[in-house]
Amino acid sequence: SQTIHQWPATLVQPVGSPLSLECTVEGTSNPNLYWYRQAAGRGLQLLFYSVGIGQISSEVPQNLSASRPQDRQFILSSKKLLLSDSGFYLCAWSGVTDNNYGYTFGSGTRLTVV
Amino acid sequence: AQTVTQSQPEMSVQEAETVTLSCTYDTSESNYYLFWYKQPPSRQMILVIRQEAYKQQNATENRFSVNFQKAAKSFSLKISDSQLGDTAMYFCAFMKHVYTNAGKSTFGDGTTLTVKP
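Sequence order for the protein chains is Z and H.
Sequence positions in the first sequence follow my numbering and run 1 to 114.
Sequence positions in the second sequence follow my numbering and run 1001 to 1117.
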């Protein structure tokens, strides 16, 4: 079965510090991968998505970047965090066939920038 | 661009009763998918149910069923025999066919459902 791992679960970082959140998927190959951010009590905003190794598309211009160095690894990064980067970050993957469309999410990372 | 609207920010239901959550969407696409996701207090997002737009039959998953009205662009979720564990935030989501849009989804703002004992 497919599983998705996301870490860390919680992170408190000072303004101006770097960021690295990691997500890995098991049990599937060549998944579509996504990074979403969720503001408190709100819906999800798509940040980045990837359809293959080294292929990254950005949805929202911001202080963040993403990379996909391996087929089942997706990394969200920042060189210098801003207060506005605080939020709940979710990694997800989706199948590409009719019987497995829809997201499987990681457990999320709560990021607080202080 | 697609939009998804959930007009009920909060709802409550008595245990064992039935509740319906509303969702409307706007799109010019003909081939797409609709989803309901559940986010309990643990914040782990879980896929509850999926509907393919080309299917006329409404999807069901145990106590969860949908009422998909394509012409009206409406996609409601019905939870029967509500249980305390159904307490969560529920998100409606739209996805264009993955081959045309890489599986990107648009989410509504969510409905917080509280099941009361």
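Quick caveat, the hints were computed from the structure, so don't treat them as lab data.
By construction, the Cβ of each residue, glycine as well, lies at the ideal position given by its N, Cα and C atoms.
Incorrect hints may appear among the rest.
Below, computed lysine to aspartate or glutamate pairings styled on EDC-like, alpha-carbon distance capped at 20 Å [stated by the list, open to error]:
(1) H:Lys1070 x H:Asp1086
(2) H:Lys1055 x Z:Glu26
(3) H:Lys1104 x Z:Glu59
(4) H:Lys1116 x H:Asp1086
(5) H:Lys1096 x Z:Glu22
(6) H:Lys1073 x H:Glu1015
(7) H:Lys1055 x H:Asp1086
(8) Z:Lys79 x Z:Glu59
(9) Z:Lys79 x Z:Glu22
Some chain Z residues close to chain H (C-beta under 10 Å, calculated; not the full set) [as the list claims (entries may be wrong)]:
(10) Ser1
(11) Trp7
(12) Asn32
(13) Ile53
(14) Arg68
(15) Tyr103
(16) Phe105
Rough simulated footprint, nothing fancy, chain H against chain Z, three-plus residues with beta-carbon under 8 Å [to be verified]:
(17) 21-29
(18) 38-50
Structure-based check of all given hints:
no. : hint                  : in the structure
1   : H:Lys1070 x H:Asp1086 : 27 Å, violated
2   : H:Lys1055 x Z:Glu26   : 30 Å, violated
3   : H:Lys1104 x Z:Glu59   : 10 Å, holds
4   : H:Lys1116 x H:Asp1086 : 10 Å, holds
5   : H:Lys1096 x Z:Glu22   : 27 Å, violated
6   : H:Lys1073 x H:Glu1015 : 30 Å, violated
7   : H:Lys1055 x H:Asp1086 : 27 Å, violated
8   : Z:Lys79 x Z:Glu59     : 19 Å, holds
9   : Z:Lys79 x Z:Glu22     : 15 Å, holds
10  : Ser1                  : 14 Å, violated
11  : Trp7                  : 14 Å, violated
12  : Asn32                 : 5 Å, holds
13  : Ile53                 : 15 Å, violated
14  : Arg68                 : 13 Å, violated
15  : Tyr103                : 6 Å, holds
16  : Phe105                : 4 Å, holds
17  : 21-29                 : violated (count 0)
18  : 38-50                 : holds (count 6)
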